Every structure is written in structure tokens, then in C-alpha cells.
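Chemist: Chain order of the listed sequences is C and U. Residues in the first sequence are numbered consecutively from 1, following the working numbering. Residues in the second sequence are numbered consecutively from 1001, following the working numbering.
The hints are simulated quantities; they were obtained by calculation from the structure and are not laboratory data. Treat each hint with caution, since some may be false.
To be verified - Beyond 12 angstroms from chain C on every Cβ pair, some chain U residues (computed):
| # | residue |
| --- | --- |
| 1 | G1063 |
| 2 | H1074 |
| 3 | D1169 |
To be verified - If you want a taste of the chain C side facing chain U, the calculated C-beta under 10 angstroms gives, among others:
| # | residue |
| --- | --- |
| 4 | G29 |
| 5 | G30 |
| 6 | L34 |
| 7 | R61 |
| 8 | Q117 |
| 9 | A121 |
| 10 | Y122 |
| 11 | R127 |
| 12 | Q130 |
| 13 | V145 |
| 14 | L148 |
Source: prediction; values computed, not measured. C-beta atoms are modelled at their ideal positions from N, C-alpha and C, and glycine is treated no differently.
Residue strings, one per chain:
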Amino acid sequence: MDWNVIARNLGFMAGGLVLTFQLAALAIGGGLLLGILLGLCRVSSVSWIYYPSTAYVHFFRSQPLILVIFWFYFLVPILVGRPLGAFPSTVVAFICFEAAYFAEIVRGGLQSVSRGQTMAAYACGLRYSQVQLHVVIPQALRNMVPALTTQAVVIFQDTSLAYVIGLREFLRRVNLVDTREVRSVELYCFAGLVYLVLCSMGSILARRLEQRRGAAPA
Amino acid sequence: MIQIRQVSLWYRDGRKVVDNVSAEIRRGQTVVICGPSGSGKSSLLRCINGLERFQEGEILVDGISVSSPSTDLHALRAEIGMVFQHFELYPHMTVLDNITLAPRKVRKKTRQEAETKAMELLNRVGIPDKAAVYPGELSGGQQQRVAIARSLAMEPKAMLFDEPTSALDPEMIKEVLDVMVDLARSGMTMVVVSHEMGFAREVADEVIFMDAGRFIEKKATASFFASAENPRTREFLSRILT
Chain C
1 MDWNVIARNL GFMAGGLVLT FQLAALAIGG GLLLGILLGL CRVSSVSWIY
51 YPSTAYVHFF RSQPLILVIF WFYFLVPILV GRPLGAFPST VVAFICFEAA
101 YFAEIVRGGL QSVSRGQTMA AYACGLRYSQ VQLHVVIPQA LRNMVPALTT
151 QAVVIFQDTS LAYVIGLREF LRRVNLVDTR EVRSVELYCF AGLVYLVLCS
201 MGSILARRLE QRRGAAPA
Chain U
1001 MIQIRQVSLW YRDGRKVVDN VSAEIRRGQT VVICGPSGSG KSSLLRCING
1051 LERFQEGEIL VDGISVSSPS TDLHALRAEI GMVFQHFELY PHMTVLDNIT
1101 LAPRKVRKKT RQEAETKAME LLNRVGIPDK AAVYPGELSG GQQQRVAIAR
1151 SLAMEPKAML FDEPTSALDP EMIKEVLDVM VDLARSGMTM VVVSHEMGFA
1201 REVADEVIFM DAGRFIEKKA TASFFASAEN PRTREFLSRI LT
């Protein structure tokens, strides 16, 4: 065992975390925005809004993420006519893929608000947009917090899949160090520990958020 | 004030919930509708402010047809208060915000105006000290009184009550009924779906017994209790009055 291999390459590996965080932040932010839009479409009673959004969600949820990453990397340049680069194409792939999962969380959240609540709001003379904005969405968001944070942690881990098209995020860099130093046990233990610590921090943060939101009793 | 003319309502599965009923509620009157559960009372009530769409007949509120496509339902609902069995206060807002939301968003009142009015109403329903509290911290009776205050904040021309005391513990029923009795005596036009026959006796002008979507008995209060004709009404009354 030579644990010094970690100290020797720490700077190089930590540099990969920057890319990991960038990718995760863009995937979560973009995915959530597109997901909210899709989620609202998924509870629509208008068929030309409901069916396409449903088809989108179904499609992406039945594809492996790694395949979606490949597609955007190899397919989109052909469609667009020029190479997009590994990072932008991965970001787009993540956003499109994760939006499908966020959409289902958002849909569940919107549907968790009881019909009595919307009836009470309408009964006061409020309009659709006011009912959604002041009554439905605030309650839906609160109900969605646990599922949203779980999904965010999953996305953080999934960013490691970007190595398949050569993006040098954290895990890819650990892998590169290993091919040079041949210290698999030490290096992959270290990588596991890093993910464990970061995701635990994420979970703790999430629980804090939940408790704060829970302060206003239901 | 409220005219119900030969209204029928079917659910999507084809069940007929309200079957050709008619009634007229004049300004300042209180009408109590009672009947077994599933008899269409609540559905009929929701037809009055357009929360439920009926297929046949007509309902006029202050001369305006609820089902006409040219009617602005939002404006109409702003004039009719509604109180629900399960209160339906907004759990993420304080009592004060619950009461001021609609006056601010629909009536375009300033926060200051709306809050002054809200405090006045909380006084009226007897819980001025609960303004800053969230609904979850209140008892059922207090929540229902807040819900009544929330409706009154819109200064409605009429109020609909959908089993307002059915979800309450017995010791809390009275505090809610007291508020409703006051309201009825102050001249509010009220349609109340309820089994509280004591309340009906005290303030109702007319009592309707509804079963299977129909008005089985519809009489001025005194004669409803003294001489209900239909055996079903008598059976129902004998069951809930004992």
C-alpha cells in the first residue's frame, strides 16, 4: 500500500472536481427548469400539451444515461454540422435526460396539493395563475423538496459517466492517475471516500432545508 | 338572490347526482339543506358558484347566470363566500395572510387596508390573538372560524357552507355555530349544507331534505319540523334528532 500516491496527485485529481461541480450545477439547474415546464405540461388537460410532454418523459426515462451522452456527442454534430465539444454536448445531454426525471417529481408535487385547496382558492375569486402561484406551487415545492434533493445527489454521482466521451472530471482524473501509477486500491478507495463525503454533505444540507421548510406546519 | 331552476348534474361516469331541483333563496334568507351523504347536497352547493358544472337547468346569482359562457366566473365567485368541511386554509400562510390573500389579489386592496379589515373580522369570530399563527397550530373550531373570516373578508353578498361542522369535535361545534348564527341574524344570505338541526331551527327560514339528488321535502322551518310529510324525511329526522 502506498497512500502517498494520493498526496502526490491530489492537485490534479481535485482539479477534476471543478468540472464535476460545473457539470452537476448545470445539469441540476437546467434540468429543474425544463423539468418544471414539463411537469406543468404533464398535469395539463389540454391534449396537445399533455401528449408530447408525456412522450418526451417516457422516451428519456427508457434510455440509459450513458447512451444519451453518446448520442449527443456523436449525433448532434452531424445534425448541427459542426462539432460541439465534449463539455457542451454533455451538458445538453444531462439537461435533456434529467428534465424527464424532474418532470415526474414536479408532477407528483403539483398533484399532491389537494383539490380542496384549489377549490377554496377559486371560491375566493382568484384566477388560474393566482391559484397556482400563491396556493398550489408553494405547497407543491415544499412537498417536492425530499425528492428533488435525492435527485440532485444522484445527478452529482452520474456526472462521472461523462468520462465515456473523455471529459476529465474527477473520476476520469483518478482513473488517469491509476494508469500511470498502478495503485488501483488506494486510488479508488479515495475516490469512493470523496463521493461519500460530498454526497453526505449534500444530504445533510437537504435535511436542513426540509426542516426549515417544515417549520410552517401543514 | 339565488335562483335554482330545474338543475340536473351528472358525473363523468354517468351517475346523476342532482336531479331536477329548483329553489329560490331571497336576500337575507338562510336555507339549510340536509340529507344522507351522497345525496348531492355538496355538489349542488358547488354548482351555485360554478365550481361544479351542471348540464341542465339554470342558476342565477343576483340575476347573473352561473352557466352562461359570457359570465365572468371569477368576478361572480368573489361575491359568494364558501366555507368547506375541511376548512381548506392555506397551510403555508399565516392566519392573517390567509384572510388577506384574496382581498389583495382580487379586490386590489393594499396590504394595510386588507389587514385592518382582517383584524376586524378576527375580532368578530373571537380569535384576534391568532393573526400571526399558522393554521396547523389551531384547533379545528378555530380553523373553521378563520375560514369564515377569510370568506367574509371579500364582503360577499351570499355565503355557502358545506358541512361546516362535520369534521369538528363535538365541543368545538358550538363555537362555529355561534358565529354562523350571528351571521344569519346580521342579514347574510346563507345556503348551509348541514345536519345541525338545532341551527336550522334557530335561524333557517327554510329547510330542504335532499336524497338521491332530489328535494324530497322543502318547507318553511317551523312546518318542516312539525309536519314533514315524506316518510323518508321523517325517518331521517328521527335518526338524527335522537
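Chemist: It remains to establish, for every hint, whether it holds in the given structure.
Modeler: To see whether the hints hold, each was checked on the structure:
no.	hint	verdict
1	G1063	18 angstroms, holds
2	H1074	5 angstroms, violated
3	D1169	19 angstroms, holds
4	G29	24 angstroms, violated
5	G30	27 angstroms, violated
6	L34	25 angstroms, violated
7	R61	29 angstroms, violated
8	Q117	6 angstroms, holds
9	A121	8 angstroms, holds
10	Y122	6 angstroms, holds
11	R127	6 angstroms, holds
12	Q130	5 angstroms, holds
13	V145	13 angstroms, violated
14	L148	17 angstroms, violated
In summary, the structure is inconsistent with hints 2, 4, 5, 6, 7, 13, 14 from the numbered list given earlier, while agreeing with the others.
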